[in-house]
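K.L.:
Chains as they are written, first to last, in full-length UniProt numbering: chain L, 1 to 378; chain Z, 1 to 99; chain H, 1 to 509.
Careful, some of the hints might be misleading.
Which residues of chain H face chain Z? A partial, calculated answer using Cβ under 8 Å [as the list claims (entries may be wrong)]:
(1) A42
(2) A44
(3) A54
(4) L58
(5) R75
(6) E78
(7) R143
(8) R252
(9) L253
(10) A254
(11) T276
(12) E321
(13) W452
(14) R456
Calculated directly from the structure, the hints in this document are not laboratory data.
Just so you know, these numbers come straight off a predicted model, no measurement behind them.
Cβ atoms here follow ideal geometry from the backbone N, Cα and C, with glycine treated the same way.
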Amino acid sequence: MTDVVVVGAGVVGAACAYYAARAGLSVTVLDRGPVAAGTTGAGEGNILVSDKEPGPELELALLSARLWRELAGLGGFEYEAKGGLVVAETSEVLGSLADLAVAQAGAGVEHVPVAAGELPGYEPDLTPDLAGGVYYPQDSQVQPMLAAARLLSGAPGAVLRTGVEVTGLLRDGDRVTGVRTNEGDIPAGAVVNAAGTWSGEVAALAGLDLPILPRRGFILVTEPLGGRLGPPLIRHKVYTAAYVTDVASDSEGLETSAVIEGTPSGTVLIGASRERVGFDRTTSIPVLEALARQAVALFPGLAARRVIRAYCGFRPYCPDHLPVIGADPRAPGLYHACGHEGAGIGLAPATGHLVAGLLAGAAPTLDLSPFRPERFAA
Amino acid sequence: MTRSQEGPHAGRLDGARPVPAFEITVDGRPVPAAPGQTIGAVLHAAGVVSWRTTRVGGRPRGLFCGIGICFDCLVTVNGTPSLRACQTEALPGDRVTTG
Amino acid sequence: MPGSGHEGPGTRDLAIVGAGPAGMAAAVAASRAGLDVVLVDAQARLGGQYFRHAPPGLRAGHPGTPQRGFGRFTRLAEALTGVDVRLGHRVWAVEKAVEKNAERNTAGNAGKAAGNDPGNEADQNPGKDAAAGFIVHCLAGTRDERRVTLRARRLLIATGAHDRPLPFPGWDLPGVLTAGGAQALLKGDLVPAGRTVVVAGTGPFLLPVAAGLAEAGARVAGVFEANGGAGLAPALAVRPGKLAEGAGYLWRLARRRVPYAVRHAVVEAHGGDRLTHVTVARLGRDWTPGARRTIACDALAVGYGFVPQIELATQLGCATEAGGDGEQVVVVDAGMRTSVPGVYAAGEPTGVGGADLAEAEGWIAGRAVAADLGRPVRPAPALSRRRDRLAAFGRAMQDAYPVRDGWKGWLRGDTLVCRCEEVPYARVREALALGATDARSVKLLARPGMGWCQGRVCGYAVARLAGETSPPPRRPVAHPVRLGDLAGLPDRADETQGTANDPAGEEAR
Ligand SMILES: Cc1cc2nc3c(=O)[nH]c(=O)nc-3n(C[C@H](O)[C@@H](O)[C@H](O)COP(=O)(O)OP(=O)(O)OC[C@H]3O[C@@H](n4cnc5c(N)ncnc54)[C@H](O)[C@@H]3O)c2cc1C
Ligand SMILES: Cc1cc2nc3c(=O)[nH]c(=O)nc-3n(C[C@H](O)[C@H](O)[C@H](O)COP(=O)(O)OP(=O)(O)OC[C@H]3O[C@@H](n4cnc5c(N)ncnc54)[C@H](O)[C@@H]3O)c2cc1C
Ligand code: FES
Numbered sequence: 001m002t003d004v005v006v007v008g009a010g011v012v013g014a015a016c017a018y019y020a021a022r023a024g025l026s027v028t029v030l031d032r033g034p035v036a037a038g039t040t041g042a043g044e045g046n047i048l049v050s051d052k053e054p055g056p057e058l059e060l061a062l063l064s065a066r067l068w069r070e071l072a073g074l075g076g077f078e079y080e081a082k083g084g085l086v087v088a089e090t091s092e093v094l095g096s097l098a099d100l101a102v103a104q105a106g107a108g109v110e111h112v113p114v115a116a117g118e119l120p121g122y123e124p125d126l127t128p129d130l131a132g133g134v135y136y137p138q139d140s141q142v143q144p145m146l147a148a149a150r151l152l153s154g155a156p157g158a159v160l161r162t163g164v165e166v167t168g169l170l171r172d173g174d175r176v177t178g179v180r181t182n183e184g185d186i187p188a189g190a191v192v193n194a195a196g197t198w199s200g201e202v203a204a205l206a207g208l209d210l211p212i213l214p215r216r217g218f219i220l221v222t223e224p225l226g227g228r229l230g231p232p233l234i235r236h237k238v239y240t241a242a243y244v245t246d247v248a249s250d251s252e253g254l255e256t257s258a259v260i261e262g263t264p265s266g267t268v269l270i271g272a273s274r275e276r277v278g279f280d281r282t283t284s285i286p287v288l289e290a291l292a293r294q295a296v297a298l299f300p301g302l303a304a305r306r307v308i309r310a311y312c313g314f315r316p317y318c319p320d321h322l323p324v325i326g327a328d329p330r331a332p333g334l335y336h337a338c339g340h341e342g343a344g345i346g347l348a349p350a351t352g353h354l355v356a357g358l359l360a361g362a363a364p365t366l367d368l369s370p371f372r373p374e375r376f377a378a
Numbered sequence: 001m002t003r004s005q006e007g008p009h010a011g012r013l014d015g016a017r018p019v020p021a022f023e024i025t026v027d028g029r030p031v032p033a034a035p036g037q038t039i040g041a042v043l044h045a046a047g048v049v050s051w052r053t054t055r056v057g058g059r060p061r062g063l064f065c066g067i068g069i070c071f072d073c074l075v076t077v078n079g080t081p082s083l084r085a086c087q088t089e090a091l092p093g094d095r096v097t098t099g
Numbered sequence: 001m002p003g004s005g006h007e008g009p010g011t012r013d014l015a016i017v018g019a020g021p022a023g024m025a026a027a028v029a030a031s032r033a034g035l036d037v038v039l040v041d042a043q044a045r046l047g048g049q050y051f052r053h054a055p056p057g058l059r060a061g062h063p064g065t066p067q068r069g070f071g072r073f074t075r076l077a078e079a080l081t082g083v084d085v086r087l088g089h090r091v092w093a094v095e096k097a098v099e100k101n102a103e104r105n106t107a108g109n110a111g112k113a114a115g116n117d118p119g120n121e122a123d124q125n126p127g128k129d130a131a132a133g134f135i136v137h138c139l140a141g142t143r144d145e146r147r148v149t150l151r152a153r154r155l156l157i158a159t160g161a162h163d164r165p166l167p168f169p170g171w172d173l174p175g176v177l178t179a180g181g182a183q184a185l186l187k188g189d190l191v192p193a194g195r196t197v198v199v200a201g202t203g204p205f206l207l208p209v210a211a212g213l214a215e216a217g218a219r220v221a222g223v224f225e226a227n228g229g230a231g232l233a234p235a236l237a238v239r240p241g242k243l244a245e246g247a248g249y250l251w252r253l254a255r256r257r258v259p260y261a262v263r264h265a266v267v268e269a270h271g272g273d274r275l276t277h278v279t280v281a282r283l284g285r286d287w288t289p290g291a292r293r294t295i296a297c298d299a300l301a302v303g304y305g306f307v308p309q310i311e312l313a314t315q316l317g318c319a320t321e322a323g324g325d326g327e328q329v330v331v332v333d334a335g336m337r338t339s340v341p342g343v344y345a346a347g348e349p350t351g352v353g354g355a356d357l358a359e360a361e362g363w364i365a366g367r368a369v370a371a372d373l374g375r376p377v378r379p380a381p382a383l384s385r386r387r388d389r390l391a392a393f394g395r396a397m398q399d400a401y402p403v404r405d406g407w408k409g410w411l412r413g414d415t416l417v418c419r420c421e422e423v424p425y426a427r428v429r430e431a432l433a434l435g436a437t438d439a440r441s442v443k444l445l446a447r448p449g450m451g452w453c454q455g456r457v458c459g460y461a462v463a464r465l466a467g468e469t470s471p472p473p474r475r476p477v478a479h480p481v482r483l484g485d486l487a488g489l490p491d492r493a494d495e496t497q498g499t500a501n502d503p504a505g506e507e508a509r
């Protein structure tokens, strides 16, 4: 019998498997699809501390940023400690941005205030029409799909089984004792629900309510720049302060705010939209147009660059915008690691680290109560 | 730019030479063109079979699909980068730069 | 809902994307039936691939130039009076013009863009109650691109096909062209691909390519057909006339002493910065290479069939299925209606079958749209019978010229599989070892298909290497579009013309 079955081979499941295996547990990872092909395959790979207000998620993010730096040593995936630049269009917004940065500093977030005149030193091609910004050196980026795959291949003894769908949970009374799959039953000491946007469905297999819903996001990808094509070269992750409010918003409607960055392959990624439209993949041209308008407003030189691809994904979100991490008291043996919305890549290592600690019986290094699974029960 | 050692080879059908209605230049060298021909065809006919190199391996690229879907043939014309040579009609005086 | 408030003054009855044999025939049929038609094509001239012809100025310099099917083409072109023909217009996206909110929240909509959702069949209705129509997003002009937006009550996708290459060492050397690319260069620009050309691959298309090159003065150093030609009997039973056509090509090649060999393939191309010679191997049953020899040449025209261009159909959620050659084709009914009401497909997108089939489907589609919009159209059973016969022939030809997996044995670790992102075979293998199990996950881990061509060139190879047949394309942006154009910047808005154009994209929704 395997100690742990992890449901989902996205970046979160991969991190859980990695740390559990490192803790000496035997781990089997199941995914109904290939590795990293869920929302992880649609993510940009930003590891952000800058966009989080002081509180439990920021604690998680700081731990994660540190762990990602360590994991980069595994090799085999891109990790760039590039830093993030948050810019404000008006002095009013700049004021609240500065306030946020000061509050974050109390929690351990490093930042550098950037006056309007200093912005070109960070990003020469930024529009001059900005009031200023804040630079966050701890923000970084990974190639999420490869990172997930490498965490799995680097997890000592862990077994990855693709094409295996969990269709039920094995129970002994309330206790979860394994999973039922299209390829037979797999008994396990513990089951980790890391099924991303589909985690609610897995919880439902245990008769539990876990309110995780999809929030669609589109990304535009430009032609590869660099080489003879020259600038604009985007050095950091750059986004507008409006992004922070969008992330936390409860609106059903479309929200977009410019989030722009270059990748080592020479493309520029342009996000981010947020909409609650179920699992609808139909391309929305108005969303693509809005993203383009915001990108060009921030980097006028991008107007001449071509978009060669666009894609969308479905962020797993909870009503309170916090992830679900920990043992489920309603079903002993079942652990959740899901609901990370637009930050699952950044938060994956901390999540995996904490879940592995629980599985191995260690005391958590972080207060997990804000993330407890039963918090939604009416 | 990769150029045939023996100079222009094509641009003719059964011995009938095209009337070189005008010229364009490739890195300053004049090349004959006929109205309506694409830049890719004009270059290919002049024995120039590649006009850019790839980002990673620095490998030479020219025409491949001929119909605008592969983007191998991207070319810089009069300073404008990333035009598809197979889809861009040659115009008198066009300056193609390779590299 | 014809007549609903969504149809602004610029809304046409029918927008056709693609002006090849299928699109041209459909445009003629629909406009004859009284429809207001706009015909859009990316190319500078009408005709698509089969009717591709040199520009008049160039033709004048070459009086004797053979231009196959030119009479048929001219007749179709002349019948297009009354059709709004938009050449040099690349369609980068098509969209339904419906109330977004009303549509989005319907659960049934969720899986549609997956293309294959069986649930789509629920609305397989004769295209009569299509919603508020369609928005066709174009980019016009090559050097000075601008955005043009067209609207129509019905949409016909007649976007043809592109070549299907296979990777092999050296296939990215300048001088290696697709078979269709060499053909296009010859027919459209009167430029032979090289002085000494090898033609290789599989399928009947190799013969006209080789014959055309030989007759244009190139030395064709050999034609290498990977299949044996066995299995042609069923196809020829349907269209015996094609036997004579094939024999005619072989005779034309023989007359010019062009060597022709079956069960042979080019398995490697050599040269420093351009092609200098190729390695040809005898193939076993599964295409595993046997005895080799080299042939000097400065051009190679190589093709292993065609890939239907269906991304506009999948953008709208049209159902697709794998055709006999493993490529996804748009599912249509007898009137060329797709699973999405109001959207039709004709020509190669419904299955590769050649120009005659494409034209027949175009006639049928044009008439079906007219009928569905309430115009009197007499039934044409003979046309349907002709289409069925030609389609059966097309399928039989695909069966006779399959691609066998032995080509994988031609690859080396450093052979590029994806030309745009320069992904070697070794990286594809590594992705498979890391847990990728299909083309999409290989792409996510190793990047093949993420570049400029969006997997059009390497898609088949990557899918086969991952052990599957090609999945339906997911290309929300079918052609590169400048961010400034996508943003609908005001300074570009002024450049568009006509009532139907909607530069800023505001009016369109
Ligand atoms: C390169 C090439 C050369 C070929 N040459 C021959 C030949 O010489 N003889 C022969 O018998 N068969 C040839 N074929 C086979 C070809 O498929 C024919 O069978 C025939 O032309 C198919 O007709 P069609 O109307 O379906 O499509 P096509 O003739 O391919 O016409 C489709 C048209 O759609 C346009 N189009 C596609 N996508 C878009 C878009 N997004 N926006 C705007 N326009 C778009 C294309 O520019 C094209 O003009 C060739 C195929 C290829 C790929
Ligand atoms: C456009 C966009 C941009 C983003 N950018 C960023 C960013 O920059 N930084 C960041 O940190 N985050 C970003 N995110 C969010 C991030 O992608 C997600 O939070 C994260 O990928 C979630 O990872 P996961 O492992 O939980 O889920 P997933 O990657 O979705 O993995 C879940 C897996 O579970 C499998 N599964 C589901 N049900 C079953 C079952 N019953 N049986 C077996 N397997 C099952 C699925 O197949 C899937 O592979 C972005 C998201 C989007 C959409
Ligand atoms: S040759 Fe393929 S795009 Fe021009």
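K.L.:
Taking the hints in turn, state whether each one holds.
P.N.:
Hint check results:
no. : hint : verdict
1   : A42  : holds, 6 Å
2   : A44  : holds, 6 Å
3   : A54  : holds, 7 Å
4   : L58  : holds, 5 Å
5   : R75  : violated, 22 Å
6   : E78  : violated, 20 Å
7   : R143 : holds, 6 Å
8   : R252 : violated, 14 Å
9   : L253 : violated, 16 Å
10  : A254 : violated, 19 Å
11  : T276 : violated, 10 Å
12  : E321 : violated, 23 Å
13  : W452 : holds, 4 Å
14  : R456 : holds, 5 Å
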